[in-house]
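Please model the complete structure; the sequences and the hints are all you need to start from.
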Amino acid sequence: MQGPAVVLRCLDAKSPVLREIRAGLEEEGVPLVVEEVSEGDALVLGYAAACLSSLDVGIGVADEVCVYHAKRPAGSPALTGPLSRARVLGHNAARMVVGIPLK
Amino acid sequence: MALVVGVDIGNSTTEACVAEIRPGGRVTYLSGALTPTSGVKGTTDNVPGVVEVVRRALSSAGRPVRELSAVLVNEATPVISGLAMETITETIVTESTMIGHNPDTPGGAGLGVGETVAFGSLPDCAPGAKVICVVGSGVDFEDAAAGINKAVARGVEVTGAIVHADDATLIANRLSAPIPVVDEVTLVEKVPLGMPAAVEVAEPGRTIRTLSNSYGIATVFDLDAEQTRMIAPVARALVGNRSAVVVRTPSGDVTGRRIPAGNLTLIGEQVKRSVEIDAGAAEIMATLRRVRPLTDATGEAGTHVGGMLARVRDTMSELTGTAVGAVRIQDVLAVDTFVPQEVTGALAGEFALENAVALAAMVRTSRGPMRLLAEKLREALGVEVLIGGVEADMAVLGALTTPGTGRPVAILDLGGGSTDAAVAGDGVVRSVHLAGAGDLVTKLIDSELGLDNRELAEDIKKYPLAKAESFFHVRMEDGTARFFDEPLPVEAFARVVVLSEAGMRPVPTRHNLEKIRQVRRSAKHKVFVVNALRALEQVAPGGNLRQIGFVVVLGGSALDFEIPDMIAEAVAGMGIVCGTGNVRGSEGPRNAVATGLVASHALDVSLETVG
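These protein sequences, in sequence, are chains A and B. full-length UniProt numbering puts the first residue of the first sequence at 1, with every later residue one more than the last. full-length UniProt numbering puts the first residue of the second sequence at 1, with every later residue one more than the last.
In short, the hints are calculated from the structure, not lab data. Treat the hints loosely; a few may be bogus.
Unchecked claim - Coverage of chain B stretches by chain A, computed from C-beta distances (three or more under 8 Å per stretch; other residues unrestricted): (1) 467–477; (2) 493–503; (3) 564–576.
Stated by the list, open to error - Examples of chain B residues lying across from chain A (beta carbon under 7 Å, computed): (4) THR105; (5) PRO487; (6) VAL490.
All values derive from a computational prediction rather than experimental measurement. For each residue, glycine too, the CB sits at the ideal point set by N, CA and C.
Have a look at this one:
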């Protein structure tokens, strides 16, 4: 694992949804690392991503977007939302790291 | 042996005290109870509340209603207070000079000055033109950045940008030459085009320097002295922002205006004086001291104060069924406050704090309904109902059951609508009812923080604040940390929260914890400390506070976590023992009047047996 970053796990790294999430994080100034894996739903991907992240925040992308905080229990994501809200969820994942109220 | 219940009908709660009185007048207190008052104090609407509280008190004493020999109610002269608040200054931004604005994440840094141009018109700009690009909704950040880069490559000097969406950093990151970008401008389509404008963004952790300085704006727009005077309120409104936009239009001016708030006329028994509302609270209260005792107050018709008092009178007359003309205002408390007003012509719904005066007025109404109330109670309970002594006397008697008190004792009854005080010296009780109490504090908190949510304001008044620092802990306002086993709700994350009994409640504003705390404390100080001193001064023998030995703080607001301390601190210098009451050594600051009713009745019984 390299420098401080939010980790995102997804099934397709070329998905246009990722551009939106990345934009959300970039706006808040928080780095992101993307990992493509072969299987899992957003919950599973998100929790694994959070555990990998040195910032304790992970995002899982499958049929929905799931934002996890590693300190929260496995079945309890901080936020979930449809793909259409990807940008806002990206913002909020970053805000959890920065420590400002979510939007 | 007689079983009696003392019942105190207050403005917001009805309290009962059950006791047994032996023939010699010896009292055994059995239990107490409390319910919200039904209806306006002193009216027959109170009956259901009284019945309820009597039942509850009896059931917790384990005694049936049929054993009851009498219900004692206080002779409640209904004291009702009303509140009104009026702005006395106003910042007006005419038509098109727009100001603002402070998004969480602006992009770039520095100051850009130029003419406003719509993003779509950038290709039409001549090389060498200095422009501020206005990007409307629906433009993707990559397209916006590409468009600006293309214009810059042609020689157009794009010096800044105003953006609708939340993507200033994204645009700034993609520009060949960095410029300040302000985003989240909700009314971006209202930004006038073809006008000189300035955009300023400060580095993270800093605030803007040029647009928050009148001379800075004057330099940017080449203003003369008179124009600079006009723009000064804009600069003032922008102080402390991380970013700002100022658009200068030919007719655009900003002025601070004092609204003629009108004259308040205070009519005393001997003298009558007028005072201008916009002279501020201190002046109003000083004038009140000069005319005391007050018999009525009137406001100039057609002015704000006239409207304020009319509203109070109307409410009172409606509540008590008296004619508007018969309502006499017995006391007023004026408090300086701020009211957030939407700035006309703001870019994203910004607010400016305007000076205002809040006025609490109190009316004492007729005693008529009391007999009717007793009659109805007799029917409802099937027990004899006795109207007991004057409320203040009863409160003093009840307060004296607090361990450690002695005469001369003064009570301060801090309620929802009024602050009452009484002093018992040698047999005579002197009492005073003053306008302004808990409800006014709630209103001040609500308006000064711009919450527009009375329930939340009430919680902020009653409970300590904390900031949710992670999903598992909060930092309390005194700096201590508190941890939770369950993760905190996402809405609370990084927000200021109120730790109420019902749980954690986020405060949805941008105010930081320190600011909310300061507003809360100053509201309590402005109402309760001011009223405590005012009340004690009026009841103290010879007006000398040093003649009072003990002050017992009673009433709902005495349960507040900081008000009693504030009052104790304020009177400490006068050698007064001051603390929250503990009626009968068990009831805290509650139940004083109910207990006093029983004690007074027992005294009567003992005198009868002796006689």
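Problem set entry | Violated hints - listed by number, lowest first | 3
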